[in-house]
Every structure is written in structure tokens, then in C-alpha cells.
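Bring the two chains, given one by one in their own frames, into a single complex with the hints.
Letter by letter, the chains look like this.
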Amino acid sequence: MSSRPATVPGLGMLRETGKLFALGLDIARGLFQRPFQLREFIQQAWFIASVTILPTALVAIPFGAIISLQFGSLASQLGAESYTGAGSVLATVQQAAPLVTALLVAGAGGSAICADIGARTIREEIDAMEVLGVSAVQRLIVPRVLACMLVAVLLNGMVSVIGVLGGYFFNVVLQGGTPGAYLASFSALAQLPDLWVGEIKALIFGFLAAVVASYRGLNPPPGPKGVGDAVNQSVVITFLLLFVVNVVVTLIYLQLVPPKLG
Amino acid sequence: MGAEVVIEGLTKSFGKQAIWRDVTLNLPPGEVSVMLGPSGTGKSVFLKSMIGLLKPDKGKCEINGTDIVRCSERKLYETRKLFGVLFQDGALFGSMNLYDNVAFPLREHTKKSETEVRRIVLEKLELTGLSGAEDKLPGEISGGMRKRAGLARALVLDPEIILCDEPDSGLDPVRTAYLSQLLIDLNAQIDATILIVTHNINLARTVPDNIGMLFRKELVMFGPREVLLTSDEPVVEQFLNGRRLGPIGMSEEKDSAQMALEQEQADAGHHDGSTEDVRGIVPQLQPTPGLPERQGAIRRKDRVVQVLHTLPEPAREGIIASLTPEERRHYGIPEPAVTAGGRTQVHGNLPAGDVADLPGSPAWPSGEQSAPTQPLRPRRGGA
Ligand SMILES: Nc1ncnc2c1ncn2[C@@H]1O[C@H](COP(=O)(O)OP(=O)(O)OP(=O)(O)O)[C@@H](O)[C@H]1O
Ligand SMILES: [Mg+2]
Chain A
1 MSSRPATVPG
11 LGMLRETGKL
21 FALGLDIARG
31 LFQRPFQLRE
41 FIQQAWFIAS
51 VTILPTALVA
61 IPFGAIISLQ
71 FGSLASQLGA
81 ESYTGAGSVL
91 ATVQQAAPLV
101 TALLVAGAGG
111 SAICADIGAR
121 TIREEIDAME
131 VLGVSAVQRL
141 IVPRVLACML
151 VAVLLNGMVS
161 VIGVLGGYFF
171 NVVLQGGTPG
181 AYLASFSALA
191 QLPDLWVGEI
201 KALIFGFLAA
211 VVASYRGLNP
221 PPGPKGVGDA
231 VNQSVVITFL
241 LLFVVNVVVT
251 LIYLQLVPPK
261 LG
Chain B
1 MGAEVVIEGL
11 TKSFGKQAIW
21 RDVTLNLPPG
31 EVSVMLGPSG
41 TGKSVFLKSM
51 IGLLKPDKGK
61 CEINGTDIVR
71 CSERKLYETR
81 KLFGVLFQDG
91 ALFGSMNLYD
101 NVAFPLREHT
111 KKSETEVRRI
121 VLEKLELTGL
131 SGAEDKLPGE
141 ISGGMRKRAG
151 LARALVLDPE
161 IILCDEPDSG
171 LDPVRTAYLS
181 QLLIDLNAQI
191 DATILIVTHN
201 INLARTVPDN
211 IGMLFRKELV
221 MFGPREVLLT
231 SDEPVVEQFL
241 NGRRLGPIGM
251 SEEKDSAQMA
261 LEQEQADAGH
271 HDGSTEDVRG
281 IVPQLQPTPG
291 LPERQGAIRR
301 KDRVVQVLHT
311 LPEPAREGII
321 ASLTPEERRH
331 YGIPEPAVTA
341 GGRTQVHGNL
351 PAGDVADLPG
361 SPAWPSGEQS
371 APTQPLRPRR
381 GGA
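In order, the protein sequences belong to chains A and B.
In terms of our numbering, the first sequence is residues 1 to 262.
In terms of our numbering, the second sequence is residues 1 to 383.
Treat the hints as calculated values from the structure; they're not laboratory data.
Here the structure is a predicted model, which means the values were calculated and not measured.
Each hint should be verified, as a subset may be incorrect.
To be verified - Partial selection, computed: residues in chain A whose CB lies under 10 angstroms from chain B:
hint	residue
1	120
2	124
3	125
4	127
5	128
6	129
7	131
8	135
Beta carbons: idealized from backbone N, C-alpha and C, even for Gly.
Okay, chain B solo, but in the shape it has when bound (with noise of 0.2 angstroms):
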């Protein structure tokens, strides 16, 4: 089982400058989360402080029940094994071709003959697609590839905990596409704990167990999928949905004239940046078909239920409409209101007159358009 990540009131400035401050929150163990954020809010500050590359001013991080805050250097070390840290740049040591870059944590740390090295490393690299790169220098591959190498370099350890700075950068949608299967694929081969920090919206919906955001110095929300998915914390749904519309701007915050004058842009018919409407749950990547049902999500199941009376309505609904008759019946969890072909009816449970008053359809249009009703607010200008 992957180990579980206790972060309590962590605070972390340079000088004078906070980047954030008491962010409390708990990677359950095998589950895979996502931290979201506007750029240089502080994620990658984030993801160094918890494996003690950076020192946080309070607060603890608790690995596996070590405070790697204040645990001695040796102890540092001995947790810091644990980790499969894929950095914003691959970090590649570039004197190294591929192929010695991959083998390096296991030279270090495994008395693995040259032989059982080799079928490791090539596996890995098969795994993110880089065979017949091996002998290439860092130097002379794309940013891409970089990537992918770098994540095969954290994973041949078999880490119990993977950190990935934004894997989806520098990658086409189709490689995103591949490794988020493959993160998920991980997942349920090793049961390991997944923190992916990511700007990525299509990721974050459908990939994650536990959605968290950082804005404003502070952890805005960190919870099950279905919380933030279904959020109407305007900082949440602006970024979701990827609108300049909301309290985010270009230099992070925003004053309220500006506000106002973009409102009044995007009344008047202006394009507020937005392609579609992307609020509501979207059903959880899963694995490959053929390999074993992941551990964390089943664990997660039990936790979610057991809370479920403390989460938002919009949420709770998201949550037992994917449950299914028999883990409803399990849980004794009654059978939701409403439920259209499957997917989850995330508007509330509207009154039979008022689904019915939305023209063409009874249900919500199962495709990815938005709905053909008028939106509650401007998002494709005056068309």
C-alpha cells in the first residue's frame, strides 16, 4: 500500500515574501490526487517542501509517521526512497545518456546485477514510449521526451509515493491522454500514492480521486473529486473552466475595477476566453482493462461514504450516482432522485416540470457541447 502524506498548517515564505500558509491536508494512501493553481502560486514550492528540498518556515509533513521537517538528515535520506519525484523540467542529469539516468537510482540503491538493471530500465522506457532513445543525451531530445524520461527515472524504484510537476506540460494531448492512463495504470499495478500538480483541466477531471487548489497564499479546497468538481467557489469554477471572468488574473489577483470592467465587456457580448462548459463530474479514468482494480479507489469508496452527510448536496449526489445498486445497497445508501443514462444529474434535483421545460431533451446532452439552454452566465459572448 502506498503511504499516507499528513501535511498539518505548513507555511512556507522567502524573506518577506509568503507563498503560502497553513495548508493542512492528507494524501490517503494508493489514492491520486491533483493540486491546481494559477502559475506562481506556489505548487512547485509545494511539492519541494514535502519532500524537504525546501525548509517550510511551520507546520509538519508526515510520511509514513516521519515528520520529514524535522527528522534528522539520515532519516531524511532513508524517506526520501520512498519518492518518485518527476520535476517541472525532468531534471535529467545531463551528463548521463537516458539510459544510465534511468538506471542511476538503481545502481544507487539496489545491488541489481547489470543484467536485472538493464530489463528494468528498458521496461521503463518501453512504458513511456522513449525505446530507441537510450543512448541520447538530455541535451539532444525534445522537452517532451524529457518528461517521459524523467518520469521513467521515478519510477523504477517502485516509489510509494509519485510527485509529478506538471507531467502534462511541453506534451501533445495525445501523449497527456497516454500518460494519465498511465499514471491511473500505476496506480492500480502498485498502489502507490499519486500527487500530480497540473494545469491541465481535462487531467484534473478525469484522473484524480482528491482535487485540491492553491490561490491567494492558500489552500482553497482540497477534498474528494466530486467537491471541487461540483464547487461554486468562484476562484474554483473560473479556473476550471478556464474564464478570465472571476477573481483570477493575468498577475494573479485582481482588483475589483478591473472585475468589473470585464464583467461589463462580457455582458456587452465580449469572449470571456472560454471554450465550453466544464462543471460537473465526468466519470473516473480507469485501468487498462486486464489489470487489477486499484486498491485506493475501493479504499476511497469507504471514506467518501463515511462522510458523505458532511459534503456539499451537488456532491454528494455526483458520489451515489457512481456508486453502483450493490455498493448502494452495501452502504444502504438509498437510490439517488435522479439519474440521466449513467451520467450524474449535477444541477440539483430540478422539478419534473423544469427538466422537462428544456427544449429538445429531458436529460443533460451526454457529448461534450454544453447545454443547448442559456447559460446562467455570458461564456460565448453575444451569439
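One chain only, chain A, in its complex shape (with noise of 0.2 angstroms):
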């Protein structure tokens, strides 16, 4: 070993990287490539929504829980309660629900696609799809991550209204808040772009979570236990990807947008 060439140190890590990159602007083409796999895109949002829809419902209302608990109670710490519903709710719908969403897009969503993909590329069956001159990326990769953006939007959809609904029950039933002061700081604090935010965010992360993972599927490392690591790193992967991504997202909207009460 000691004879080998110096090698840069993260030299690997940049390769690799500079491979996802590549293989997401091969989807992003492969976006306006037809015929569009409609089956394929059908099916696999079918599934990766019946894989996520009842675990994120579950995470969804005890988080909701804990930010408006949390929030409540600091709030009337604060003499600040009439201010409770607006900064749980903005919390929920801009940061809880799109994270929620993207951990469990990933978890589930992004680590089935990948052992999937990951099977499929040990059995040889993406190169015998490419050698019959059909690609690989267009034809199985492009509608899963159409699946994963679509299932991921609909998802924190629904996270941000469990959420709001269940930091609305804490709040007002737990913790003896007015129902009319919650709903009334919330129309004065919220604004329509912060829903669209957390729904960008929500399509940004399917579509990272969704790339990530055929990446690692289509490249596992080499072995038998090659697939489990790939699905296993594709999910460690994702996640540090995603909250990187979610604090820039944060920070840009933060300086775009202009918050309600200047």
C-alpha cells in the first residue's frame, strides 16, 4: 500500500459527488424525454405513498404537539400568548412539516427505491435495459423521482394541516388557550408564501431524496452486502443533505420575503 501514488485527501468524496450531480442533471433531461413513463410513475408514487402516508400521520400530530406545547408555554412565559397560534403554526408549516416530510421520503420512500434499484443493478438488469437501448435513467429513474417530488408535496400537505390541527388541540384544549386569539394572531402573523415555502422545500427534498437514492442503487458498493450498504448510506446521506439544504432555503426566504409585521 505504501507504494501507491499520493492521493488528495476527499478527492473521492468530490468524484462522487460530481457523479450525483451529473446523474441529477441526467434526470433533470430525462424530465423532457419521451415517452414518459406513465405506468411507472403511477405505480411508484401508489407506493411510496402507501409506504409513508400512515407513519408520517403518526409523527405528524405529536410533533405538532410538542412545538405548540413548547411554544405555549414560552409564549405565556413571555406574556406573549395572543401570539401563541401564529408562531407554532409558522412553525409548523415552514420547518416541522417539510422535515418530517423529507425524513420520512427518505427513510421510507428513498431507502425502498434504492434497494430496489440497488437489486436490480446486481442482477444485471439495468445493463441489459441499456443494452437493449433503452435508458435506464429515463425509463426507471425519471418517474420515481416525479413520484418522490409528487408523494413529498401531498405529504407535507398533509403533515402541515395534522400539525396545525393537533398544536390547535394542545393549545386550546390542553393548555387553556382562546380558540379566537390562536386564530386570530395566526391571520395576522402568517402569510400565503410561507405555505408555498414549506412546499418548495417539500418538492426540493423529494426530488434530492429520490436522486440520492438511485445514485447509491445504481452505483452499490461491490459484494453481497453492497445493496444494504447503499440503502443504508443513501438514507445517512440524504439526511445531512437535507438540513444543509433546509437552513440555505430558510436563509434565502427569510431575506426575499418580507415578514408580515414589518
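If you want it as C-alpha cells, here you go:
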């Protein structure tokens, strides 16, 4: 090993990142190539939705609850009870919902995509498809990425609703807040772009989760453990990516969109 | 006519691990070639490089004039439609049944009606002996059946080049014989260029027009079948005979100590693993009677006769002996000195006296047994 020519540390990671971007571009290009694989898209969307809806709903309720409880108790200490509704709803819609969605789309949907594509790779199905003159990206990956994005957006909407309802319930019923104040503060501070940014985040997260999962699935480490490792890595990589992207998008949003109560 | 494949200086490595380097060969259009080589020498990698699934480090691979190492992606997909590829494990789509698997290329690339598709698919499934298994999923059938289904799928578009990665592994000897016949018949019918990767010596001796061998990261030889079958290159000889004695070891290469030890054991009478002497040229498999003559074989005759003077002596004799008297007259080749019962005299022109010395018979036995003479080196232990 000592005779190996010195390699720049981190070069391997840089190369992987480059390939990931290349795949992302291929996929973006594949979005516009005909024929569109409608059947595959519907099947995948249905599949991803079916593995994510229940866990998402189950996570969304306690998530809305803790945010609401935490915010409620903090606000009451500061004497700003009237803003509890706005605070917890905004936190839920802008931050909690996209992240919960992302974690579940990556953890349940992405891992399933990665395992599926990975198994096809090691069984040489992907190679066979390429050899038959059919682009695997266009045929298999693009429908999955689109399905993931669609499901992420829908799930995000669902998490927002459940989270807000949960928050309302906990604040009003358990913490003795007044329904009127809750709703009034909400309409005073919240604005439509807050919902949009949540949906845009979900869209980006869905895209990233599916691209990373497909990338690891198409390039699994060799050996029988390969696909398992690939699934594992894809989930971890996606989580890391999502949190970084979340910070970036949030910063941009806060810069671009003026708060309602200037 | 099948496509021509010209490969020049192809080199492939994975990171620091060199797989093979500087492979140069030419698959003449419409001919059947076999690539031999011990396990792990990169035969599958070679096939994948030929279709652009793996990117070689250097060299070129031209299919009908398109260099698939360097051409654009669109051109690559276009060129791939000329190929029919049978992967080592069949590579069927696990989520589709056999019928849909075989129909897949037709549905993707042709505008044929569903009845037309059905006709072609059933025909190919019948050809590969899979009638009645259309509705099975790949997970529900045996390895040999998967392989045959993979072949059926490779054939539906009437490819100009057929690549088969170990078509015989996982098949019983009878099916292998049928498969060999199937490949030759196909070649006669559609005149496709065929490259077969195999470990099956019997197939390698009877099916191809050309044989090549990969060993120690290089293409040891590639040429007309007669050249390899009569070669005295130690690697080729050992491989064709399936002996332990020789340069190929369990882990591809053998050190000299191991080689000396094995030679010693063999000299002392230890069985060396081979069954019978299978050197020499055997008649080539012909298309089933009633099918047209193989155009590739006809072209090959012209090609081989042209380079006849450059070939080694035993190969030259083998080729001359395989020609009919009319063909010999046509090419202006004198009648061979010794032929025995239509079979080829492969061990050179023995003086008449030596031939007479052989116990029993003046000619080589025509059966599959080895010559009753003392073998040149111990093959069957001390018996
Ligand atoms: N994708 C890959 N990445 C790294 N190394 C590889 C890859 N594919 C093959 N190899 C290596 O290349 C070598 C040749 O593999 P290959 O599958 O071509 O062998 P083979 O000649 O087909 O053997 P067999 O007869 O057993 O099928 C092996 O040492 C293998 O480890
Ligand atoms: Mg192989």
C-alpha cells in the first residue's frame, strides 16, 4: 500500500459528488424526454405514498403537539400568549412539516427506491436494459424521482394540516388558550408565501431524496452486502443533505420575503 | 450480413487492478467466435466493454465503423440496437413474466402490433424450449431456464451481433448440445456475428470459426479455430485439456515451485485431472440439414486461405484437410499428404515407417478415445 501514489484526501468524495450531480442533470434532462413512463410513475407514486402516509401521520401529531406546547409555555412566560397560534403554526408549516416529510420520504420511500434499483443493478437488469437500447434513467429513475416529488408535496400538505390541528388541539384544549386569539394571531402574522416555501422545500427534498437513493442504487458497493450498505448510506447522505439545504432555503426565504408585521 | 467488430489496443483496469491490456482482435462479419479463459480473467468485463457498459481506459472498439468507446450517447444507444446480449445470469427483469421480458425489446423499439409481438415472442420461446412457461416470473424458474429466456430476449430483434456470456453454464450437456446447434442454425439463418464466452471445451472445439483466449491480463491468441486447437502454447493446451499440469493455477497464476511439485506428482503417477486427450481439430458443427449454408463460413474460407502461408504447420494442414477436393482445386492448393478417413492428421507428416509402428492401426482412431500409444506426457496417472 505504501507504494501507492499519493492521492489528495477528499478527492474521492468530490468525485462522488460530481457523479451525483451528473445523475441529477441526466434526470433533469430525462424529465423532458418522451415517451413519459406514466404507468411506472403512477405505480411508484402509489407505492411511495402507501409506505409513507401512515408513519407520516403518526409522526405529525406529536410533532405539532410538542411545538405547540413548547411555544405555548414559552409565550406565556413572556406574556405573549396571543401570538402562540401564529408562532406554532408558522414553525409547523415552514420547518416541521417539510422536515418530517423529508425524513419519511427519505427513510421509507428513498430506502425502498435504493433497494429496488440496487437489486436490479446487481442482477444486471440495468445493464440489460441499457444494452437493449433503453435508458434506465429515463425509464426507471425519472418516474421514481417525479413520484417522490409529488408524494413529498402531498405529504407536506398533509403534515401541515395535521400538525396545525394537533397544535390547535393541544394549545386550546390542554393549555387553556383561547380559540379566538389563536386564530387571530395566526391571520395577523402568517401569510401565503409561508405555505409556499414549505411546499417548495418539500419538492426539493423529494427530488434530493430520490436522486441520492437512485445514485446509490445504481452504484452499490461491490459484494453481497453492497445493496444493504447502499440503502444505509443513501438514507444517511440524504438526511445530511436535507438539513443543509433546509438552512439555505430558509435563509433565502427570510431574506427575500418580508415578514408581515414589519 | 452481420456487423464487423474491430478492436484495437483495448485496455481496462478497475482502479489499480489491471484486467487486460492491449487486446486487439477482429470479429469478421457473420462468423462465430469463442473467447476462452480461466475464471476471473475478465471475459465478462470484455463483453461489457464491447457494448459500452464499461469504459475501457484506452483503445477503440468499432462496430460497423462506429467507435463505441468515444461516440456520443445517442450514437451508442443507436449502435446497441444491433446487439443481442445474453448475460451470465440471464439478467431478466424480475418484475415481468417471461413473455413480457421477451416482448420488451419489441415493444420498446418497434411499432409492431400486439398480435405480431405475440407471434414473434412465442416463436422465440419455442426455439429456446420454453413454450408453456410464458407466465412464469424469473424468480420461479431454474437457472438454465433463465438463461434460455435471456437468449430468447436477445434474439427477438434479429441482432447483427450476438454476445453470449457462458451460454452453457447452468445447462445440462444435452441442452448445451441443443444450444450449440441453435447458435449455429441462427448464424446460418440471420448471418449474425456471434461471440461466445465459455468454459465448455466441447462447445469451443465444435462451434466456432475463431477462438481466442484471455490469460494473464492479455489476449494470448486469437485466430482461426485450427490454430488454437493445434496450438502447443502451454496455456492453451492446458485449458483445452482441463489439466492441472501447466501454467494455470487455482488462483490464475502459479509459481514455479507449485508447478515443479505438480509435475513431480504427475510423474510419480498422480492423476492430473484431465479425462482424455482432446487436442486436435474435430469437424465443425454444421447447420441443421435444410437450412441455408452459413455465409460466414464461406467468407471465412476465402479469408483463411489467403493467410494460409502465415499459419503454423499443423493449423495449415487442418485447414487444407477441411476443404473439399473441388475447393482445393479452386484455391489452387495441392492435395494434402496424409489424411485419414476424412479426419485430419494433426501431428505432422510422420514418415510412413513411424505410422506403421503404431500398434493396431495405421491411422488415428476415429472414436473419442485417446490414441493407444504412450501419451507424450502423463495424462492418466500411472495406469
Ligand atoms: N465493476 C467492477 N468493479 C471492480 N472490479 C470488477 C468489476 N467487475 C469485474 N471486476 C473484476 O474484474 C475481474 C474479471 O471479472 P470477470 O467477471 O470479467 O471475470 P470472468 O472472466 O467473466 O470470470 P468467470 O469466468 O468466472 O465469469 C475480476 O477480478 C473482478 O473482480
Ligand atoms: Mg464472467
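Quick rundown of the hints versus the structure:
1. 120: holds (7 angstroms)
2. 124: At about 4 angstroms, which falls below the 10 angstroms cut-off, the nearest Cβ of chain B leaves the hint on residue 124 (chain A) intact, so it holds.
3. 125: holds (6 angstroms)
4. 127: The hint holds - residue 127 (chain A) has a Cβ within 10 angstroms of chain B, the shortest such distance being about 5 angstroms.
5. 128: holds (4 angstroms)
6. 129: holds (8 angstroms)
7. 131: holds (5 angstroms)
8. 135: holds (7 angstroms)
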